[in-house]
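**Q** Residue numbers (the UniProt record's numbering), protein chains in the order written: chain A, 1 to 166; chain B, 1 to 302.
Everything labelled a hint here was simulated from the structure, so no lab data went into it.
Honestly, I wouldn't trust all of these hints.
Derived SDA-like pairs (lysine to any residue); straight-line CA-CA distance at most 25 Å [claimed, not checked]:
| no. | chain 1 | residue 1 | chain 2 | residue 2 |
| --- | --- | --- | --- | --- |
| 1 | B | 4 | B | 242 |
| 2 | B | 88 | A | 160 |
| 3 | B | 138 | A | 147 |
| 4 | B | 92 | B | 134 |
| 5 | B | 236 | A | 136 |
| 6 | A | 126 | B | 34 |
| 7 | B | 35 | A | 121 |
| 8 | B | 55 | B | 17 |
| 9 | B | 283 | B | 17 |
| 10 | B | 236 | B | 36 |
| 11 | B | 224 | A | 147 |
| 12 | B | 93 | B | 65 |
| 13 | B | 44 | A | 146 |
| 14 | B | 93 | B | 63 |
| 15 | B | 301 | B | 287 |
| 16 | B | 138 | A | 146 |
| 17 | B | 224 | A | 142 |
| 18 | B | 102 | B | 147 |
| 19 | B | 35 | A | 160 |
| 20 | B | 119 | A | 149 |
| 21 | B | 4 | A | 136 |
| 22 | B | 119 | A | 145 |
| 23 | B | 4 | A | 142 |
| 24 | B | 35 | A | 96 |
Part of the chain B face toward chain A, derived, beta carbon under 10 Å [claimed, not checked]:
| no. | residue |
| --- | --- |
| 25 | 44 |
| 26 | 112 |
| 27 | 115 |
| 28 | 139 |
| 29 | 141 |
| 30 | 168 |
| 31 | 174 |
| 32 | 200 |
Even glycine gets a Cβ: it sits at the ideal position worked out from N, Cα and C.
Spelled out, the chains give:
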Amino acid sequence: MNYVSFSLLYIRRCAVCYYELFNVINYLPVPNSSRSSSIILRTLNLVGETKTRSGFISYTQDMNLGFVIGVLGVLILSHAAYSTIQYRGLLKITEEEFSGPPLNVVLELIVGLALCMWAALTFPGKFLSIHPDSDENRAVSLPDNTDFMIFNHRGRLFPPEITMKF
Amino acid sequence: MVTKTEERELNQLENQVENGGGGVWEYLCLVRKLKVRRSELVLKHGLFILNDSGKRSALGPDEWTLYEQVAIAAMDCQSLAVAQNCIKVLQKKFPESKRVGKLEALLLEAKGMWEEAEKAYSILLEDNPLDQVIHKRKVAMAKAQGKPSLAIEHLNKYLEVFMADHDAWRELAEIYVSLQMYKQAAFCYEELILSNPTLPLYHLAYAEVLYTIGGHENLIAARKYYASTIDLTGGKSTRALFGICLCGSAIAQLSRGRNKEDKDVAAPELQSLAASALEKEYKQKAPAKLSLLSSALRSMKL
Numbered sequence: 001m002n003y004v005s006f007s008l009l010y011i012r013r014c015a016v017c018y019y020e021l022f023n024v025i026n027y028l029p030v031p032n033s034s035r036s037s038s039i040i041l042r043t044l045n046l047v048g049e050t051k052t053r054s055g056f057i058s059y060t061q062d063m064n065l066g067f068v069i070g071v072l073g074v075l076i077l078s079h080a081a082y083s084t085i086q087y088r089g090l091l092k093i094t095e096e097e098f099s100g101p102p103l104n105v106v107l108e109l110i111v112g113l114a115l116c117m118w119a120a121l122t123f124p125g126k127f128l129s130i131h132p133d134s135d136e137n138r139a140v141s142l143p144d145n146t147d148f149m150i151f152n153h154r155g156r157l158f159p160p161e162i163t164m165k166f
Numbered sequence: 001m002v003t004k005t006e007e008r009e010l011n012q013l014e015n016q017v018e019n020g021g022g023g024v025w026e027y028l029c030l031v032r033k034l035k036v037r038r039s040e041l042v043l044k045h046g047l048f049i050l051n052d053s054g055k056r057s058a059l060g061p062d063e064w065t066l067y068e069q070v071a072i073a074a075m076d077c078q079s080l081a082v083a084q085n086c087i088k089v090l091q092k093k094f095p096e097s098k099r100v101g102k103l104e105a106l107l108l109e110a111k112g113m114w115e116e117a118e119k120a121y122s123i124l125l126e127d128n129p130l131d132q133v134i135h136k137r138k139v140a141m142a143k144a145q146g147k148p149s150l151a152i153e154h155l156n157k158y159l160e161v162f163m164a165d166h167d168a169w170r171e172l173a174e175i176y177v178s179l180q181m182y183k184q185a186a187f188c189y190e191e192l193i194l195s196n197p198t199l200p201l202y203h204l205a206y207a208e209v210l211y212t213i214g215g216h217e218n219l220i221a222a223r224k225y226y227a228s229t230i231d232l233t234g235g236k237s238t239r240a241l242f243g244i245c246l247c248g249s250a251i252a253q254l255s256r257g258r259n260k261e262d263k264d265v266a267a268p269e270l271q272s273l274a275a276s277a278l279e280k281e282y283k284q285k286a287p288a289k290l291s292l293l294s295s296a297l298r299s300m301k302l
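Generate coordinates for the entire structure from the input sequences, incorporating the hints supplied.
**A** This is how it looks when you write it as structure tokens:
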């Protein structure tokens, strides 16, 4: 009995996963207006349309592949849950004792876990460096203290030749 | 603070903009975000956008930010007429705005009308006595008039109220250094390190102040802070590597007459490590100047 409840729980978990995934898609900033539909379309066609504008997350082929693999992993996990229920039913009919999950379910669980993990690591975005000496984190100069900016500096004697008027 | 990647991005955009490759608005945004002072370029390219009514209206509400940015850049380049016109446009759009009021006072400063600017700031302060920007402007005005002691007085008063403002601490440290009051500057840098312990530039500045003060203990402390800079930058700070070498030779000179108990244990190893790191870096990046470096290192080791 508790195996059935376990698989039911698993199905629910899968549903939650789906929901979360779609949430993630909806909240990601997308450059063009057709938000979630465009990414799903692109995912299904596997067209790696890359828009590399600073400030936006760019969708690369890699990430689309990650998304597809995530969906595949979730499907495999749900199939594992379904097979478990079926196996329990079979056991009831043949009136055998439950000794352990069948091999195909175990395999499916392992494969599903691996695929989902891979998707979770690639799809949401790139990892940021936490090392203080990496290029992203290493400060090379401080901002000029613009609040204390003064105008009678030596550049005053040589004003730039800007002919444009406003 | 400007990180290495951001600096690279800024330089790349600057090149692109200078060669007419577009991306002017992105460049101006980045300059604003990183708070770097590129007044001449901002004035040139900002005016280019502002003079083109199509491009200007494409910005939407960001247009007014650009007016402000260009106005300040124009003041920095002494193009006061441009600044005046920008402020006039802003004044028309936002009458009674405090922000525009500050800009007007800033223009008075740029013209050198100190008393009028002072008056304008005190009127603004009456409405909001805790306006940080205006207090800072008062300090800057004292500095611009060549009265650093007055600036220090103002800054100290300001820091009693706004103790967490590390920009102000930095300014105070820089004023103290310019007046050669190194002990006070060291105190300011200690505050800065406390407020931002992972920023290597403060460690470096503190080490330099300690090295300048001199004395056996200060030199050892300076070497520690140079070492922490190297630690935080992953050995990519050439200045800190030179600092280690200089500290090492200065300590060796000082402790020459002393007895052996005082002798520094870490010195020879640390110094030679820093020297070899420097040599490696020069070999990679500037092989032509390697001979200069090795002669300098030789003179340091004595």
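**Q** With reference to the structure, classify each hint as holding or not holding.
**A** Structure-based check of all given hints:
A threshold of 25 Å between alpha carbons decides the hint, and for residue 4 of chain B with residue 242 of chain B the separation of about 21 Å falls inside it, so the pair holds. At most 25 Å may separate the alpha-carbon atoms for a hinted pair to count; residue 88 of chain B and residue 160 of chain A meet this at roughly 23 Å. Using a Cα cut-off of 25 Å, the hinted pair residue 138 of chain B and residue 147 of chain A holds, with the two alpha carbons roughly 10 Å apart. As the CA atoms of residue 92 of chain B and residue 134 of chain B are separated by approximately 22 Å, the hinted pair is consistent with the 25 Å bound.
Taking the CA atoms of residue 236 of chain B and residue 136 of chain A, the gap is about 14 Å. The hint holds against a cut of 25 Å. As the CA atoms of residue 126 of chain A and residue 34 of chain B are separated by approximately 23 Å, the hinted pair is consistent with the 25 Å bound. Our distance criterion of 25 Å between C-alpha atoms is broken by residue 35 of chain B and residue 121 of chain A, whose separation comes to about 34 Å. Proximity of residue 55 of chain B to residue 17 of chain B is assessed by CA-CA distance (about 16 Å); at most 25 Å being required, the pair is judged to hold.
Pair hint residue 283 of chain B plus residue 17 of chain B does not hold up; C-alpha atoms about 33 Å apart against a cutoff of 25 Å. Our distance criterion of 25 Å between C-alpha atoms is met by residue 236 of chain B and residue 36 of chain B, whose separation comes to about 22 Å. A hinted pair counts as satisfied when its Cα atoms are at most 25 Å apart, and residue 224 of chain B with residue 147 of chain A does not qualify at roughly 32 Å. At most 25 Å may separate the alpha-carbon atoms for a hinted pair to count; residue 93 of chain B and residue 65 of chain B meet this at roughly 12 Å.
The suggested pairing of residue 44 of chain B with residue 146 of chain A holds, with an alpha-carbon distance near 19 Å, which does not exceed 25 Å. About 11 Å separates the Cα atoms of residue 93 of chain B and residue 63 of chain B, which keeps this hinted pair within 25 Å; it holds. As the CA atoms of residue 301 of chain B and residue 287 of chain B are separated by approximately 22 Å, the hinted pair is consistent with the 25 Å bound. With a C-alpha separation of about 13 Å, the suggested pairing of residue 138 of chain B with residue 146 of chain A holds against the 25 Å cut-off.
A C-alpha spacing of about 22 Å is found between residue 224 of chain B and residue 142 of chain A, which places the hinted pair at or below 25 Å, so the restraint holds. Note on residue 102 of chain B and residue 147 of chain B: the hinted pairing holds, with a Cα-Cα distance of about 22 Å set against a maximum of 25 Å. Of the supplied pair hints, the one linking residue 35 of chain B and residue 160 of chain A holds, its CA atoms being roughly 21 Å apart against a limit of 25 Å. Restraint check for residue 119 of chain B and residue 149 of chain A: satisfied, since their Cα atoms lie roughly 19 Å apart, inside the 25 Å limit.
Annotation: proposed proximity of residue 4 of chain B to residue 136 of chain A holds, straight-line Cα distance about 6 Å (limit 25 Å). Among the hinted pairs, residue 119 of chain B with residue 145 of chain A is consistent with the structure: their alpha-carbon atoms are about 24 Å apart, no more than 25 Å. At roughly 11 Å between alpha-carbon atoms, residue 4 of chain B and residue 142 of chain A fall within 25 Å of each other, so this suggested pair holds. At roughly 74 Å between alpha-carbon atoms, residue 35 of chain B and residue 96 of chain A are farther apart than 25 Å, so this suggested pair is violated.
A distance limit of 10 Å between C-beta atoms decides the matter here; for residue 44 of chain B the minimum to chain A is near 6 Å, and the interface restraint holds. For residue 112 of chain B, the shortest C-beta to C-beta distance to chain A is roughly 7 Å, which falls under 10 Å, so the interface hint holds. Checking residue 115 of chain B against chain A: minimum C-beta separation of about 15 Å lies over 10 Å; hint violated. At about 6 Å, the closest approach between the beta carbon of residue 139 of chain B and any beta carbon in chain A falls short of 10 Å, and the interface hint on this residue holds.
Evaluation of the residue 141 of chain B hint against chain A yields a held restraint, the C-beta minimum of about 8 Å falling below 10 Å. Taking 10 Å as the C-beta cut-off, the interface hint given for residue 168 of chain B holds, the closest approach to chain A being about 8 Å. The interface hint given for residue 174 of chain B holds, since its Cβ lies 8 Å from the closest Cβ of chain A, which is under the 10 Å cut-off. Given the 10 Å rule on beta carbons, the hint for residue 200 of chain B holds: about 7 Å separates it from the nearest Cβ of chain A.
Hints 7, 9, 11, 24, 27 from the earlier list are contradicted by this structure; the remaining hints agree with it.
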